[in-house]
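Chain residues, written in single-letter form:
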Amino acid sequence: MPETIQLEVTRYSPEHDAAPAFQRFEVPYRKDWVVLDALNYIKDRLDGSLSYRWSCRMGICGSCGMMVNGEPKLTCATFLSHYAPSAVRVEPLRYFPVVRDLVIEMTDFMVKLQKVKPWIIRKEEKSIADGEYLQTPLQLDVYKQFSMCINCMLCYAACPVYGLDPLFAGPAAIALAQRYNLDSRDQGAKERMDILSEHEGIWGCTFVGECTEACPKNVDPAGAIQQYKVAAAKEWFKSLLMPWGSK
Amino acid sequence: MTQHGTRETTLYTPYHPRWYRARVSTYWWLRKWYYLKFVLRELSSIFVAYFVVITLLQIRSLSRGPETYARFEERMRNPLIIALNAISLLFVLFHTITWFNLAPRAMVVRLGGKRVPDTLIAGSNYVAWLAISAAVAWFILR
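These protein sequence lines map, in sequence, to chains A and B.
First residue of the first sequence? That's 1 in this note's numbering, and the numbers climb one at a time after it.
First residue of the second sequence? That's 1001 in this note's numbering, and the numbers climb one at a time after it.
The following block holds chain A by itself, in its conformation from the complex (with noise of 0.2 Å):
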């Protein structure tokens, strides 16, 4: 086994660099570290003004997200024997502005995330007293797997539509959208729709698929996108068959 292994690091200094470059760092290489391990060791070791997000090392923030070798991946869960005895390269996301090292710029995401209106809409807000909006295992399992998401924003640094069109909404928003809209407890699909029918929503998708393949949490965005489109086919043939029907 070796003892050590290479890391390659984007670095990025706003101040004084007009790109960024990568810097060579040696660092133990041991079974159970993950990206992260390694980077954290740099950090108090070898250079702390390395800069780069993270949190929980454990797959529930979605914080530490970055290119390890090209590929998305949560640097938590991407082990160095992996890759050993090859050099790492470790990136920030793709098609997110740097803002520090292996920090990206994540406004965008947020925005979009909002925009979606990922929370329960009620026409009418039942009363306390009323009680709460019961749901079976059955509808919630209807929903569960797009609700895994941790918003790690992985799914848009594989996605090459969100790459070349920023403004398109993007997987984890719409696959957030339709978590939503598919909770038995849910009124507000048809609000989503409108937001999400124009082209940077839904249908800017291309059915890549590659989202899927990149998120850590099997939530396939791709597939709640496509979903979307046929609810939304679906809805528009509605309209067009019924137009006296509920707006």
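Hint data in this document are derived by calculation from the structure and do not stem from the laboratory.
Where hints are given, some of them may not hold.
As the list claims (entries may be wrong) - Here are the simulated SDA-like pairs of lysine to any residue, each with C-alpha atoms no more than 25 Å apart in a straight line:
hint : chain 1 : residue 1 : chain 2 : residue 2
1    : A       : Lys217    : A       : His82
2    : B       : Lys1037   : B       : Phe1100
3    : A       : Lys238    : B       : Arg1105
4    : A       : Lys229    : A       : Pro216
5    : A       : Lys229    : B       : Ser1124
6    : A       : Lys238    : B       : Leu1111
7    : A       : Lys229    : B       : Thr1098
8    : B       : Lys1114   : A       : Pro137
9    : A       : Lys190    : B       : Arg1110
10   : B       : Lys1032   : A       : Glu71
11   : A       : Lys234    : B       : Gly1113
12   : A       : Lys115    : A       : Gly188
Got chain A; can you put chain B on it based on the hints?
Showing chain B alone in chain A's frame:
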């Protein structure tokens, strides 16, 4: 909006010109087999359209009598046309197979609360394809 992702939706991006934005390479689709497969699948629609046009021309010449149809067949014997048709067939097969494999992702069928397995949905597409092809072949070749 600037070319590389200054998002109109982003409220304060314009005041941070030092953020680095990488260009998306024109050849992004060559980076991965998965992306290339997608581009080929999109491209295959041209060949699907080509086959539709050929079939329409064939029906038209058929409706104009045996002489016109003989001339149509003569034209189709051109080696260039045969080569083009062979390539088109490969693309149409690629188109069909990749789309059938993707169908379960867009179609969620629930029976008794359980989601029908993907293989069953893709499989029913293949069965329908084979059945229709067999019916057409029987009609033409009998």
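Here is how each hint holds up against the structure:
| no. | hint | in the structure |
| --- | --- | --- |
| 1 | Lys217/A / His82/A | holds (19 Å) |
| 2 | Lys1037/B / Phe1100/B | holds (15 Å) |
| 3 | Lys238/A / Arg1105/B | holds (23 Å) |
| 4 | Lys229/A / Pro216/A | holds (24 Å) |
| 5 | Lys229/A / Ser1124/B | holds (21 Å) |
| 6 | Lys238/A / Leu1111/B | holds (24 Å) |
| 7 | Lys229/A / Thr1098/B | holds (18 Å) |
| 8 | Lys1114/B / Pro137/A | holds (11 Å) |
| 9 | Lys190/A / Arg1110/B | holds (22 Å) |
| 10 | Lys1032/B / Glu71/A | holds (10 Å) |
| 11 | Lys234/A / Gly1113/B | holds (21 Å) |
| 12 | Lys115/A / Gly188/A | holds (13 Å) |
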